[in-house]
Amino acid sequence: MTDRIDRIIFATENAGKIREVKAILADVDVEVLSLREAGLHTDVVEDGDSFEANAVLKAKAVKGDAHTIVMADDSGLEVDALGGEPGIYSARYMGEDTSYRMKNQAIIDRLAGKTGAERSARFVCAIAAVLPDGAVLTSRGTIEGEIGYEERGEGGFGYDPIFMVPELGRSTAELTAEEKNVISHRGRALADMKEKLRGLL
Numbered sequence: 001m002t003d004r005i006d007r008i009i010f011a012t013e014n015a016g017k018i019r020e021v022k023a024i025l026a027d028v029d030v031e032v033l034s035l036r037e038a039g040l041h042t043d044v045v046e047d048g049d050s051f052e053a054n055a056v057l058k059a060k061a062v063k064g065d066a067h068t069i070v071m072a073d074d075s076g077l078e079v080d081a082l083g084g085e086p087g088i089y090s091a092r093y094m095g096e097d098t099s100y101r102m103k104n105q106a107i108i109d110r111l112a113g114k115t116g117a118e119r120s121a122r123f124v125c126a127i128a129a130v131l132p133d134g135a136v137l138t139s140r141g142t143i144e145g146e147i148g149y150e151e152r153g154e155g156g157f158g159y160d161p162i163f164m165v166p167e168l169g170r171s172t173a174e175l176t177a178e179e180k181n182v183i184s185h186r187g188r189a190l191a192d193m194k195e196k197l198r199g200l201l
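Residue numbering for the sequence shown is 1 to 201, as defined by the numbering used here.
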């Protein structure tokens with residue numbers, strides 16, 4: 001491809017997520033737009049069997065053009081003591097309309113009596129990028145941690161208040177945006193994707 005890419009549409013309407021994505025991609029000389037900012041909307045059935053499969057489904061559902069890369073992510077929380085739940089069903093865990101405060105408390109309750117390594121968990125993020133020629137690239141990032149005993153912090157979103165980073169002694173909701181973006185699953189997946197897209201952007 002010889003045409004320069006001048007914008008990335010990131011297939012999300014989640015305000016917290018697009019804020020993180022824009023911050024992480026701030027050093028890339030292209031415009032990054034959410035679905036809403038691009039005047040688009042999709043309603044994708046996320047029936048893939050992996051984070052990568054769901055990310056590809058979401059990215060392919062958005063129509064790009066010769067100057068646009070469409071990106072999407074699928075991310076979630078894997079709790080080892082729960083057999084990897086909620087995993088790819090993280091957003092739909094206990095129902096899509098259930099608040100994260102309720103979801104977080106339910107996970108804490110299910111881990112009652114477990115301590116230390118028994119509370120091990122990770123955030124996983126898969127990024128898919130559909131290039132103008134139809135080629136698809138994927139990347140994955142993870143961050144290891146433990147489930148806390150209570151919600152902590154007001155930053156971030158979703159499961160951040162119960163995800164503890166042991167070496168920092170804080171939840172990901174207690175980190176600054178800058179701190180989180182350096183170590184987060186999404187930050188790592190996007191950093192890997194930036195390397196794969198080097199030369200196109």
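These are computed hints drawn from the structure, not numbers from a lab. Among the clues, some could well be false.
[Claimed, not checked] The calculated DSS-like cross-link candidates involving lysine-lysine, where the alpha carbons are at most 30 Å apart (straight line), are:
#	residue 1	residue 2
1	Lys22	Lys194
2	Lys63	Lys196
3	Lys22	Lys114
[To be verified] FRET-style restraints, in silico, Cβ to Cβ:
#	residue 1	residue 2	range
4	Ile183	Gly113	41 to 47 Å
5	Ala191	Tyr149	28 to 34 Å
6	Ala112	Pro132	48 to 54 Å
7	Ser120	Arg4	42 to 48 Å
For every residue, glycine included, the Cβ atom is placed at its ideal position computed from N, Cα and C.
If you check each hint against the structure, which ones fail?
Failing hints, ascending: 3 and 4.
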